[in-house]
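**Q** Got chain A; can you put chain B on it based on the hints?
Sequence lines, in order, name chains A and B.
Residue numbers for the first sequence follow the UniProt record's numbering, so the first one is 1 and each next one is one higher.
Residue numbers for the second sequence follow the UniProt record's numbering, so the first one is 1 and each next one is one higher.
Where chains are identical, the list cannot tell them apart; a pair therefore holds if satisfied intra-copy or between any two copies.
Straight line, CA to CA, 30 Å or less: simulated DSSO-like cross-link-like pairs of lysine-lysine: (1) Lys432 <-> Lys597; (2) Lys351 <-> Lys575; (3) Lys351 <-> Lys597; (4) Lys143 <-> Lys158; (5) Lys597 <-> Lys409.
Read the hints as simulated data drawn from the structure, not as lab findings.
Since we're looking at a predicted model, the values are computed, not measured.
Here's the letter readout for the chains.
Number of protein chains: 2
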Amino acid sequence: MNKPADQSQFETPKVTTGPLPASRKVYSHPADAPDIAVPHREINLHPSANEPAVPVYDTSGPYTDPSVTIDVEKGLARDRRAWVLERGGVEEYDGRDVKPEDNGGATGKYLAREFPVKHKPLRGLPGHKVTQYEFAKAGIITKEMIYVATRENIGRAKAAEGAAEQIAQGESFGAHIPEFITPEFVRQEIAAGRAIIPANINHAELEPQIIGRNFLVKINANIGNSAVASSVEEEVDKMVWAIRWGADNVMDLSTGRNIHNTREWIIRNSPVPIGTVPIYQALEKVDGVAEDLTWEVYRDTLIEQCEQGVDYFTIHAGVRLAYIHLTADRVCGIVSRGGSIMAKWMLAHHKESFLYEHFEDICDIMRAYDVSFSLGDGLRPGAIADANDAAQFAELETLGELTKVAWDKGCQVMIEGPGHVPMHKIKVNMEKQLRECGEAPFYTLGPLTTDIAPGYDHITSGIGAAMIGWYGTAMLCYVTPKEHLGLPDRDDVKVGVVTYKLAAHAADLAKGHPAAQIRDDALSRARFEFRWEDQFNLSLDPETARDFHDQTLPKDAHKVAHFCSMCGPKFCSMKITAEVREYAAGMSENERNDLEKQAAEARKGMEEKSREFMEKGGEIYLEQK
Amino acid sequence: MNKPADQSQFETPKVTTGPLPASRKVYSHPADAPDIAVPHREINLHPSANEPAVPVYDTSGPYTDPSVTIDVEKGLARDRRAWVLERGGVEEYDGRDVKPEDNGGATGKYLAREFPVKHKPLRGLPGHKVTQYEFAKAGIITKEMIYVATRENIGRAKAAEGAAEQIAQGESFGAHIPEFITPEFVRQEIAAGRAIIPANINHAELEPQIIGRNFLVKINANIGNSAVASSVEEEVDKMVWAIRWGADNVMDLSTGRNIHNTREWIIRNSPVPIGTVPIYQALEKVDGVAEDLTWEVYRDTLIEQCEQGVDYFTIHAGVRLAYIHLTADRVCGIVSRGGSIMAKWMLAHHKESFLYEHFEDICDIMRAYDVSFSLGDGLRPGAIADANDAAQFAELETLGELTKVAWDKGCQVMIEGPGHVPMHKIKVNMEKQLRECGEAPFYTLGPLTTDIAPGYDHITSGIGAAMIGWYGTAMLCYVTPKEHLGLPDRDDVKVGVVTYKLAAHAADLAKGHPAAQIRDDALSRARFEFRWEDQFNLSLDPETARDFHDQTLPKDAHKVAHFCSMCGPKFCSMKITAEVREYAAGMSENERNDLEKQAAEARKGMEEKSREFMEKGGEIYLEQK
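Here chain A stands alone, though its shape is the one from the complex (with noise of 0.2 Å):
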């Protein structure tokens, strides 16, 4: 290819790349697969905390670990595949070539650089296990799954002492979180339906992570150029960027032209599992217009993308034709894309859902590559209007009948879900869907509980998100502030990845996850003993924070000082607890014991009170009426 005049399209992706702050990456070797190396985070803390380095999840892969030189003309080590390769099933081919059209027909200075390096895809041969689902319920542990065991496990020996009434004190809404996440236990899960690994054979690259309700809620976040902007260098460093902020996976919803090359690219430098809608390529290659789509030009996108490792498919196989005019009286219509998609083709050929017909064969294809089904919530609400309705839930039945059609081929299946509900039709969304999907893992978009914060939906969908993560969701898709108005930047990303990491811990800590506290509480000792550095590095955003906390006391000085800006140095309440304590500290027994009797004494008067008032206060508010 001759070298074109733009050179812009020519650029290496500039990636950010070192620790975070007071950060170290620490790798473990499980005691049964010692080959493997499980990332995470150690903070350090000032040592006058005089407390161990805090353990957290890491999502940031090789790029936080300043020991890896990375070449994003290279990719990352694959070192999966011989995890893959060891246990055999599979075979090495050729592969599809690249078309025209899987980037959209661009040519010359339009057509984005293909990824330097090219390796021969994989594919599971008929007859033998292929899929983690496969293997689980055959009884074998895999190498992933000891993976994301040991990853789970993190901070919960730290928390072991604790760890049952952390657990009991929460409120899991029937989720099952066991003090130790052992191997056999992930392997029972995903046997079961209820948790997903999402590694495709070919996603060499990957740092293996589980999604279900009995593990640590996960987060999604989107990138993607789109037909009116953004390029492959800008997707691959958002990619980077959004998994340093704590991103577990990352859906690529590119439009447009150069799909393909930049998918390659995202997924070679990518340690977490990338999603994609391939009805939005299809499309591309039938130029936009959805009537002309055909299931070859679908199944062959489906290959492509199997072929270049893609993790999970999202699917909207359950819009049927009959669900369609169910629509017709919302406020919103169908607001999904990949939903509108099909609906347009239905209509148009007044045929059952390709997607839905042919739904054996695109588990066929899917369970040769161990791609996870996302199964599309396409008629989920687009307003608060339209939440619960009859075809949202008529959809979700569906997707409940396919998910069993997926086991029953050997496929790892989770579902998609709303949208925009208001909080007290939150609930039953969670409830519906795991007795209808047999309890697959639910994946929802936030959802969104008011509709007139446009600029601010991370924070409206942040809210839902928290809850229904609390009632058993296993992985939030994160939105950010631009959602409805505009494509994010680098910033947008990150807000919206600290807002959704947020609100998954958040989840974590109301189900009583063991080791969720330990970082709050780390930070909130810090907080106490004004260790301002290592308030800064314990928080999800250490920069913000530093940020923040500069705005109002720049001077170095005041990161140590014994104060901070809302009292000032001359009365601080958190001095005075110290007193509090040498003072309770210094009390005798007697003197305990009489302050005790007080307090009971005082508690039991006013418990009469209290009776006297709802007597008279029902009185007061019966006589007035």
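**A** Leaving out everything else, chain B in the frame of chain A:
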């Protein structure tokens, strides 16, 4: 006083005036009090919408009414003084002289300028009714009650047909939300202690507002200069800025010097209730040495602030000597500034709190001006680890006791709540508060649902705020992004207010407030029909929404374009939905019936499959155990 060197203290505060986009101020004159004008805002839509203007609750006061000339040097019109005088029972008197210590002994260039206009204070005469609670108990409906009833009904007429349904669909956790709010209903709620109208008889500039579980959820914004930063001008501007974006009321938490003069400027220019924490100023009067505090200094401070027109006082009378040692083992001890001041005093003197001992005297003072109690939670948890502990709940029980004392004295009361509370521990806070405090309105800070996101605590707390607002909290105290890190600037105040506004609205929707969804639906229709301008104008923050849109699609043409940046011009899901409607409209009865039948059969099939699975799924799980 000589003209000082530093002019900066002498500028006229600059405040933001003018209507919000596409909005006009509308005044209603209730039939039973035609002389009072109750404001709301109407948002006009594009003619193509063919919809009436959308009415919204308006907290912004005269600043958004172009027909009113704003002069911050004079303050707002004092219409309400006539309402107070006409019902009698009050006397005008000279009031207390301003003392140097009222402004922390500031002199010369350090002394902020006095507010230019002096008003003689009013106080209640012995044996006459003064407070809204006293009038309500006596069966008398005040103009304030008529005012708030009219205000709470905004949009309810519009929603009338669907009102009962909305209420029925909502989950109000025992709140009683009527289809329409009558003045008599307001009176009953106030008489029962379930609601308050914070309205000092000396705050004649006030646009009254009601706080109670059976009314719209309100939000509060904290402002105030501190020992380390900010000036009178900034604080007046922040107050006007906060109400512009929806703050229902404002607390002045000023510390350091110039507290008296800062507060005077704020109250004289404030159409919303102003709250304070008098112990802060009392502490300044004794040079920040808590143990030097006396009842006399505190009492004098109460009267000073009563005469200025403060509408509610946070009083930490529930922090008792007997409870202090209960905080000794906490991770974050006592984080309430007022709570720790009192703890310090009690420890120094080893005596019961003078606030508790003198509580009835405090009631007598506050009753004479109708200053409402906001019984402070001085022992609220400052960390997830300290949530719902013995200290917090012991204090809450005492607050319940004091509530009844204050009611017996004729005072209005609300109760302050936490703090830092994980999601699964929030609901019990609401239930216990209602039980202990005889359904007095709850006023909570957040709660923050995790400690690990400094810089994002408007969000960690917005999650808890939306939930506890849904459960029954009457007013939510905002948290800004600077919480724990620094003092909020103008932008932080706006982000905090908008975040809490959306949380309160999410709670109103979930509770089933009959008119709450009008704005969501109008915005969703605008979104669906690509009326970008309407979408911006209907949002809580039109500026930010427009700005975010323009970052991706700057051209004005795009504001009318029938596509957005998410899918681009070639394909659009919203467009396809329009086709779905044509299709559904054109469907024959038979066609529709066939589809219904198909759908029903599909669902029946699924239910069987689902049952099968549950057994099968169960087996899978067991067999692995």
